[in-house]
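So the protein lines, in turn, are chains E and P. According to the numbering used here, the first sequence is numbered sequentially starting from 1. According to the numbering used here, the second sequence is numbered sequentially starting from 1001.
Since the hints were derived computationally from the structure, they do not count as laboratory data. Mixed in with the good hints there might be a few duds.
[Claimed, not checked] Only some residues are given here: those of chain P computed to face chain E with a beta carbon under 10 Å:
(1) L1004
(2) Q1006
(3) L1019
(4) A1092
[Stated by the list, open to error] Partner residues are not named here, just some residues of chain E that face chain P (Cβ under 7 Å, in silico):
(5) G42
(6) F90
(7) S106
Just so we're clear, the structure is a prediction, and the values are computed from it rather than from any experiment. The beta-carbon is built from N, C-alpha and C at its ideal position, and this holds for glycine as well.
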Amino acid sequence: NAGVTQTPKFQVLKTGQSMTLQCAQDMNHEYMSWYRQDPGMGLRLIHYSVGAGITDQGEVPNGYNVSRSTTEDFPLRLLSAAPSQTSVYFCASSYSSRNEKLFFGSGTQLSVL
Amino acid sequence: TQLLEQSPQFLSIQEGENLTVYCNSSSVFSSLQWYRQEPGEGPVLLVTVVTGGEVKKLKRLTFQFGDARKDSSLHITAAQPGDTGLYLCAGAVSNQGGKLIFGQGTELSVKP
Chain E
1 NAGVTQTPKF
11 QVLKTGQSMT
21 LQCAQDMNHE
31 YMSWYRQDPG
41 MGLRLIHYSV
51 GAGITDQGEV
61 PNGYNVSRST
71 TEDFPLRLLS
81 AAPSQTSVYF
91 CASSYSSRNE
101 KLFFGSGTQL
111 SVL
Chain P
1001 TQLLEQSPQF
1011 LSIQEGENLT
1021 VYCNSSSVFS
1031 SLQWYRQEPG
1041 EGPVLLVTVV
1051 TGGEVKKLKR
1061 LTFQFGDARK
1071 DSSLHITAAQ
1081 PGDTGLYLCA
1091 GAVSNQGGKL
1101 IFGQGTELSV
1111 KP
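Please take these sequences and the hints and turn them into a complete structure.
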């Protein structure tokens, strides 16, 4: 019973590099989202999707892109990494909407040098 | 910008003590969730409260939703080292289609 799977667990990038954080869920959830967690700031929503082919911006979308070609996968792309994007990133899903019980992945710790 | 103020930010207590964590906002929430997060893992939902004044119990944890649905508290009785972790509240804002906002979190350390 995998739930929400995130890869990689850790990543170090240089400023300007690009990369994709992967997220997959096997619960047939319609809603998927990406959060970043920074000390003293809780979880902040980056982007979310209410179904395949539908994405929207959250609270802090700048510097990130997403797409949702399948129900299962919701990758997060950093186009040109900046030190301000150093954070822990969590993917989360729920059955149908953003205010239902969220199932979180185990996170990706990203450092941008 | 809606804010969900969580306090205290840090709490270090001895095993057996009681504690209360608070979440307060000026926004009205249609529901409020409490999550617990362990190091290196994602948050896990503990409980959802929906009705103003609602009280829910989960073993030694008691969750309360304020009458006006703007605040919530988590009370732990006789804390144990296994309660150590980051506790997060998250409120679904009523007049914004259920947009979920998170508090800053309370880092709890229970020493044996």
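Structure-based check of all given hints:
Because the closest C-beta pair between L1004 (chain P) and chain E is about 8 Å apart, less than 10 Å, the hint holds. For Q1006 (chain P), the interface hint holds, since its Cβ comes within 10 Å of a Cβ in chain E; the closest pair sits about 8 Å apart. For L1019 (chain P), the interface hint is violated, since its Cβ never comes within 10 Å of a Cβ in chain E; the closest pair sits about 19 Å apart. Hint on A1092 (chain P) holds. Least Cβ distance to chain E is approximately 4 Å, under the 10 Å limit.
Because the closest C-beta pair between G42 (chain E) and chain P is about 4 Å apart, less than 7 Å, the hint holds. Interface restraint check: F90 (chain E) against chain P, minimum CB-CB distance 5 Å, threshold 7 Å, status holds. Taking 7 Å as the C-beta cut-off, the interface hint given for S106 (chain E) holds, the closest approach to chain P being about 5 Å.
Of the hints listed earlier, the one the structure fails to meet is number 3.
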